[in-house]
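Enquirer: The residues making up each chain are set out below.
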Amino acid sequence: MEPNIIQLQSLEVKRDGDKFIIPIGPQHPALKEPGHFAFTVDGEIVTSATVRLGYVHRGIEKGAESRTYVQNMYLVERICGICSHIHATVFCQGAEKLAEVEVPPRARAIRTLIAEMERIHSHLLWLGVAAHEAGFDMLFMYTWRDRETVMNLLEGITGNRVNYSANVLGGVKCDITPEIDASIRTGMDFLEERTQHYLEVVTTDAMFLRRTQGIGLMSQEQTESLGIVGPTARASGVARDVRVDSPYAAYPEFPVTMVIDPAGDLLARCVVRVKELFECYRVIRAILDQMPDGELTTRMPRRIKPGETISRAEAPRGELLYFIKSNGTDTPERVKVRTPTLPAMASVAASAVGHQLADIPMIISGIDPCFSCNDRMFTINDPRGNDKTMSWEALRQYGIEYYR
Amino acid sequence: MTAANLLNTDLLNAGRALVAPCTKEAAEPEANRLDVVIDAGDLLDAVAALHNAKWGYLSAITGLDQGAEAGIIEVLYHFCDGAAVLTLRVPVPRDAATVPSLYGLIQSVTFYERELMEMFGVTVTNTPNTDRLFLPDDWPDGVYPLRKDFDMTQLHEA
Numbered sequence: 001m002e003p004n005i006i007q008l009q010s011l012e013v014k015r016d017g018d019k020f021i022i023p024i025g026p027q028h029p030a031l032k033e034p035g036h037f038a039f040t041v042d043g044e045i046v047t048s049a050t051v052r053l054g055y056v057h058r059g060i061e062k063g064a065e066s067r068t069y070v071q072n073m074y075l076v077e078r079i080c081g082i083c084s085h086i087h088a089t090v091f092c093q094g095a096e097k098l099a100e101v102e103v104p105p106r107a108r109a110i111r112t113l114i115a116e117m118e119r120i121h122s123h124l125l126w127l128g129v130a131a132h133e134a135g136f137d138m139l140f141m142y143t144w145r146d147r148e149t150v151m152n153l154l155e156g157i158t159g160n161r162v163n164y165s166a167n168v169l170g171g172v173k174c175d176i177t178p179e180i181d182a183s184i185r186t187g188m189d190f191l192e193e194r195t196q197h198y199l200e201v202v203t204t205d206a207m208f209l210r211r212t213q214g215i216g217l218m219s220q221e222q223t224e225s226l227g228i229v230g231p232t233a234r235a236s237g238v239a240r241d242v243r244v245d246s247p248y249a250a251y252p253e254f255p256v257t258m259v260i261d262p263a264g265d266l267l268a269r270c271v272v273r274v275k276e277l278f279e280c281y282r283v284i285r286a287i288l289d290q291m292p293d294g295e296l297t298t299r300m301p302r303r304i305k306p307g308e309t310i311s312r313a314e315a316p317r318g319e320l321l322y323f324i325k326s327n328g329t330d331t332p333e334r335v336k337v338r339t340p341t342l343p344a345m346a347s348v349a350a351s352a353v354g355h356q357l358a359d360i361p362m363i364i365s366g367i368d369p370c371f372s373c374n375d376r377m378f379t380i381n382d383p384r385g386n387d388k389t390m391s392w393e394a395l396r397q398y399g400i401e402y403y404r
Numbered sequence: 405m406t407a408a409n410l411l412n413t414d415l416l417n418a419g420r421a422l423v424a425p426c427t428k429e430a431a432e433p434e435a436n437r438l439d440v441v442i443d444a445g446d447l448l449d450a451v452a453a454l455h456n457a458k459w460g461y462l463s464a465i466t467g468l469d470q471g472a473e474a475g476i477i478e479v480l481y482h483f484c485d486g487a488a489v490l491t492l493r494v495p496v497p498r499d500a501a502t503v504p505s506l507y508g509l510i511q512s513v514t515f516y517e518r519e520l521m522e523m524f525g526v527t528v529t530n531t532p533n534t535d536r537l538f539l540p541d542d543w544p545d546g547v548y549p550l551r552k553d554f555d556m557t558q559l560h561e562a
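Protein sequence lines correspond, in order, to chains L and U. Okay, so the first sequence: first residue is 1 according to this note's numbering, each after it adds one. Okay, so the second sequence: first residue is 405 according to this note's numbering, each after it adds one.
Do not rely on the hints blindly, as some may be mistaken.
Said to hold, decoys possible - These stretches of chain L come out as covered by chain U in the derived footprint (C-beta under 8 Å, 3 or more residues):
#1 116-124
#2 320-331
Stated by the list, open to error - Across the chosen pairs, the derived CB separations fall in these ranges:
#3 L:V70 - U:P433: 23 to 29 Å
#4 U:E561 - L:V70: 30 to 36 Å
#5 U:T413 - L:T257: 24 to 30 Å
#6 L:M207 - U:N417: 22 to 28 Å
Source of the hints: derived by calculation from the structure; they are not laboratory data. Using N, Cα and C, we set each Cβ at its ideal position, and we do this for glycine too.
So that you can see chain L by itself, here it is in the shape it has in the complex (with noise of 0.2 Å):
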């Protein structure tokens, strides 16, 4: 199917006086987070969109700048609270790339491990958040479920459920036991089984599909001019992965393939982001597999010499690039973070155009758009069964004490 825009844009010339603009956001119908979008309408169908952003921007960039490598490393994990890791990766990979040091073996193994694991819980809860903006809230609620298991799996390997904080500047600061490499081994099966279950509901419930196919459709040509990447660029046909057009930590050693999907609409990135759990399941098995041996860190210099490097990886929403100068000091002078929901918005603007404002919810969600997380309250789950629940402000002050 052509998307109907040049018919419709004819349409909007005619009918140029009686268009309205429909202000969503920036609490919305599509997601728990903000953002604003504008759309034009004639009708029930939407001529043009425009985006804004920045209700939830805490001036990491600038923060960045007046503090360590070390401090910022808690700082951009904390840039998105679905996809921590990944922001670590790239920052870490960076300074590493201007300091000249090499991460061990096993260090990247253990990265890309749990980069893997992110994955997983990132495209369950995305299936989760699209099934509930289709009105599908028993799908929302199984992703959800299911979701826990690879959240467990990540706390049993680092202790937390989403900023893992894995990464130290060098290295990785968990191991994988014996028993963490068993228990990830029974999740991962027990997840493609029901991964399984999935795939074949998202391409036959016909309500579903209603939702999804023919909806949104974004052309290889469009995609590609656009700069779109991740998931929702593959979903048009567009092959483009950072892990394997640039492979990174321990990806030269255990490849992916990428999942594409020449269709353009919802249903396509339904089925890619569905598809890639199978691939994640598979590289985390030969990573197990096959750990290399060795340290999990190596020396760091805190001073890191002057340059300037261009850090990328694949997050789970795309491409995501980090363009880090260092001056010669242990403060970065610059940090710049393009993370891939910013193209990605441009694809809601583009792929609005010609549908029902009813399907807006599912096109926005459709690109799995992540604004930022911000949590004010800590649920500390202590093995010793010493379990509390702290404020933020008493969080805060805890800190502060501890590291008085």
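Position chain U against the provided structure of chain L, taking the given hints into account.
Expert: For chain U alone, coordinates are given in the frame of chain L:
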């Protein structure tokens, strides 16, 4: 690093040839990267050359303030193709920072340009949308947070 072993020399050379007419200086700061310094006046020609040859995609625009003493802001346009990253580096004077918009070639650029305008005070000519993207509506005019001399007192005064 193992990743760097995978070199895209051919891609980089193709990119280098495409922007050669506009190039003032070129450097290869690390594996798979080419840094090309060009004038703001040549920017559209260089981008058109890459775009028409379908060399990669515009991945990001980085603003880089060299400080009040140097009096220069650099605008970096990062194009990615496979493992190769080609950066067009456009130095502009800090007190009259102006670059042309790439909107005529790459429509999605407006997000990056809006960010560049509000964070660095770089004027982007002929861009269709000059609204703020990230900064709040009540942020004072003429205060650019990612410039090196920005400090919070500027906000309080405004």
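Enquirer: Please go over all the hints and tell whether each is borne out by the structure.
Expert: Each hint, compared with the structure:
no.	hint	result
1	116-124	violated (count 0)
2	320-331	holds (count 3)
3	L:V70 - U:P433: 23 to 29 Å	holds (24 Å)
4	U:E561 - L:V70: 30 to 36 Å	holds (34 Å)
5	U:T413 - L:T257: 24 to 30 Å	holds (25 Å)
6	L:M207 - U:N417: 22 to 28 Å	violated (52 Å)
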